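Q: Sequence:
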Amino acid sequence: MRIATWNVNSIRQRLDHLQTWLKERQPDIVCLQEIKCIDEAFPREPLEALGYNVAVHGQKTFNGVALLSKYPFDEVAPGLIGHDGDVQARFLEALVSTKAGVLRVVSLYLPNGNPANTDKYTYKINWMDRLIQFSRERLKLEEPMLLCGDFNVIPTPADARRPEAWVNDALFLPKTREKFRALTNLGLTDAIRAVSDSDELYSFWDYQAGAFQKNDGIRIDHLLLSPQAADRLADAGIDKHVRGWEKPSDHVPVWVDLAIEGR
DNA sequence: ATGGCCAATATGATTGGA
164 MRIATWNVNS IRQRLDHLQT WLKERQPDIV CLQEIKCIDE AFPREPLEAL GYNVAVHGQK
224 TFNGVALLSK YPFDEVAPGL IGHDGDVQAR FLEALVSTKA GVLRVVSLYL PNGNPANTDK
284 YTYKINWMDR LIQFSRERLK LEEPMLLCGD FNVIPTPADA RRPEAWVNDA LFLPKTREKF
344 RALTNLGLTD AIRAVSDSDE LYSFWDYQAG AFQKNDGIRI DHLLLSPQAA DRLADAGIDK
404 HVRGWEKPSD HVPVWVDLAI EGR
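Take the first sequence: its position 235, counting from 1, is numbered 398 in the numbering used here, and each next residue is one higher.
These are calculated hints, taken from the structure and not from any lab test.
Honestly, I wouldn't trust all of these hints.
Mimicking BS3-like on lysine-lysine, the simulated pairs with C-alpha atoms at most 27 Å apart in a straight line are [stated by the list, open to error]:
#	residue 1	residue 2
1	K233	K403
2	K303	K338
3	K303	K262
4	K223	K410
5	K223	K262
Keep in mind that this is a model prediction, so the values were computed, not measured.
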């Protein structure tokens, strides 16, 4: 079972890339972020034609998340707990059945939080607290579960080419990293870090200043595995070459292989 | 030289991203 996450920065601008990459990487489940469209505008048909079931939680202009799955969705639920009054489409949870039982997958787009001295950062930290609460609840179920998406968190200095450039940024502030540790300390495994300690693994390169050419990147797209998923971790990787395609997203796909068979 | 970009919107300037 191959599960991937990708912030596509507009599904309508990136449909060609997504189709090309799906054929190349052959993931079973894909978590998408920043689809930037309402549900009705999501290009379901071309993705269904490739054999995927589609679940969408979109909104106009900004944010928006989606899930693709070769296997049917048993349940789909949008919105993170404690979302009273939160109209931003950033969270979509689904259950699929496998030969090993149920598999829970979340596609999430954690708030950016910049500038850090504004209510945007307060929203980010509150959102992280809600995610911690959600995870604490779900981990009690002792299921294979993956929290996948654009976390907008640089976990450690090894996850940035130039950590000094990010010290005052909402993605790297001590409070942000502390909340991310509080999340992983619940017992979630960062799949990429479970397979490599390289300090040159990035998932985002800014469009500006030739960042990709200089490999001036950061690792902010993550797959966090519950213990029951981590038990079955076989491999993980980052499809960096996609950033070199024409008119790319500023993020690239990150994937994990689990020793779980679909049904 | 601390910059340079991109996407969506009743669009031609503004907002958000990271």
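Q: Quick one: which hint numbers does this structure break? Sort them smallest to largest.
A: The structure conflicts with hint 5 only, although it agrees with all the remaining ones.
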